[in-house]
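K.L.:
Sequence:
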Amino acid sequence: MPIEMPRGLPFSVDTWTPSSKRKRHHFLTHAHKDHSSGISTHSAYPIYPTNLTKTLILQQYPQLDDSLFVDIEVGQSVVVNDRDGSFRVAAFDANHCPGSNREFLYMILGEVIKAGATTLNIPDTVGYTVSDEFGQLIADIKSNTPGIENVIISTHCQNDLGLATANTIAGACAGARQVEVTINGIGERAGNASL
Numbered sequence: 120m121p122i123e124m125p126r127g128l129p130f131s132v133d134t135w136t137p138s139s140k141r142k143r144h145h146f147l148t149h150a151h152k153d154h155s156s157g158i159s160t161h162s163a164y165p166i167y168p169t170n171l172t173k174t175l176i177l178q179q180y181p182q183l184d185d186s187l188f189v190d191i192e193v194g195q196s197v198v199v200n201d202r203d204g205s206f207r208v209a210a211f212d213a214n215h216c217p218g219s220n221r222e223f224l225y226m227i228l229g230e231v232i233k234a235g236a237t238t239l240n241i242p243d244t245v246g247y248t249v250s251d252e253f254g255q256l257i258a259d260i261k262s263n264t265p266g267i268e269n270v271i272i273s274t275h276c277q278n279d280l281g282l283a284t285a286n287t288i289a290g291a292c293a294g295a296r297q298v299e300v301t302i303n304g305i306g307e308r309a310g311n312a313s314l
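This note's numbering applies: residue 120 is where the sequence shown begins, and numbers increase by one.
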C-alpha cells in the first residue's frame, strides 16, 4: 500500500510514482505486490530494503538492477545522509504482533529501541484480533517493553473481520499515539481502519 509522505520530506515509503521518483531516498518495507506496484518504472537510487525484501523484489522484478539498493540489516540502525541533514532509520518487521510470543516480542522491541527506533508499529496484519485482545496487546507492550517511554507506539489494523476501526481505537485508548488509517476503509487486502 503506497504511503504518501508529507510534502517537503526527502523520502518515500512503498510508493513508486512519478512524484515519488523525485524524492532523494526510497524505503521498501516488504515485498508484497501492493507495496511494490510501479517500482519497475518509477524507481530511483537509493532504495533501502532489508536483504530479504531486496532478494524477493529482484525475483519479482528481474529487470531491476541490484545497484539500486542499499541494504538495511534488520534490527540495525543506519544513518541516511541527506543534504538537508542526516536522519537515522532502523529496519524491523513485526508483521503480526498479536500472534507473537509475548516475552520474545517485548525483548525484541526493546532491542529495536536500543538500536535507535523512535516509532514502533504494532500491526494486526491478518485482521482477526478482537478489540479487547488488541487493546491489551498495546497495554502489555507499554508495561513490559524496556525503553518504551522513549518511543511512539503506532498501530496498523487490517479489516478481515470488520474490526480494524474498533481495534485501532482500542489501541489508541491503551496508549498508541499514532494510528495508520484510511478514508472509507480502502486499503490492502480486506481494507484498513476507516477513520
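Some hints could be false.
Simulated restraints, written as ranges between beta carbons of each label pair [unchecked claim]:
1. 207 - 127: 14 to 22 Å
2. 237 - 200: 43 to 51 Å
3. 313 - 203: 40 to 48 Å
4. 305 - 233: 32 to 40 Å
5. 245 - 266: 22 to 30 Å
6. 151 - 273: 35 to 43 Å
7. 202 - 245: 38 to 46 Å
Straight-line alpha carbon distances no greater than 16 Å define the calculated EDC-like cross-link-like pairs of lysine to aspartate or glutamate that follow [what the hints assert, rightly or not]:
8. 233 - 268
9. 233 - 192
10. 142 - 201
11. 261 - 222
12. 142 - 203
13. 261 - 230
These aren't lab readings, by the way, just hints derived from the structure by calculation. Glycine residues also receive a C-beta, built at the ideal position from the N, C-alpha and C atoms.
K.L.:
None of the hints should be skipped; say for each whether it holds.
P.N.:
Results for each hint:
A C-beta distance of roughly 19 Å is found between residue 207 and residue 127, which places it inside the suggested range of 14 to 22 Å. In this structure, residue 237 and residue 200 break the distance hint of 43 to 51 Å, their C-beta atoms being roughly 18 Å apart. Look at residue 313 against residue 203: about 35 Å separates their beta carbons, and that is not inside 40 to 48 Å. Separation of residue 305 from residue 233 is about 37 Å and conforms to the stated range, judged on CB atoms against 32 to 40 Å.
Residue 245 and residue 266 have their C-beta atoms about 27 Å apart, which keeps the hinted 22 to 30 Å range intact. Take residue 151 and residue 273: their Cβ atoms lie about 19 Å apart, and the range 35 to 43 Å is violated. The hinted range of 38 to 46 Å is satisfied by residue 202 and residue 245, whose Cβ atoms lie roughly 40 Å apart. For the suggested pair residue 233 and residue 268, the alpha carbons sit about 12 Å apart, so the restraint of at most 16 Å is met.
A hinted pair counts as satisfied when its Cα atoms are at most 16 Å apart, and residue 233 with residue 192 qualifies at roughly 15 Å. Simply put, residue 142 and residue 201 have alpha-carbon atoms about 11 Å apart, close enough for the 16 Å limit, and the pair holds. For a cut-off of 16 Å, the pair hint linking residue 261 to residue 222 stands: about 13 Å separates their Cα positions. Annotation: proposed proximity of residue 142 to residue 203 holds, straight-line Cα distance about 13 Å (limit 16 Å).
Taking the CA atoms of residue 261 and residue 230, the gap is near 15 Å; set against the 16 Å cutoff, the hint holds.
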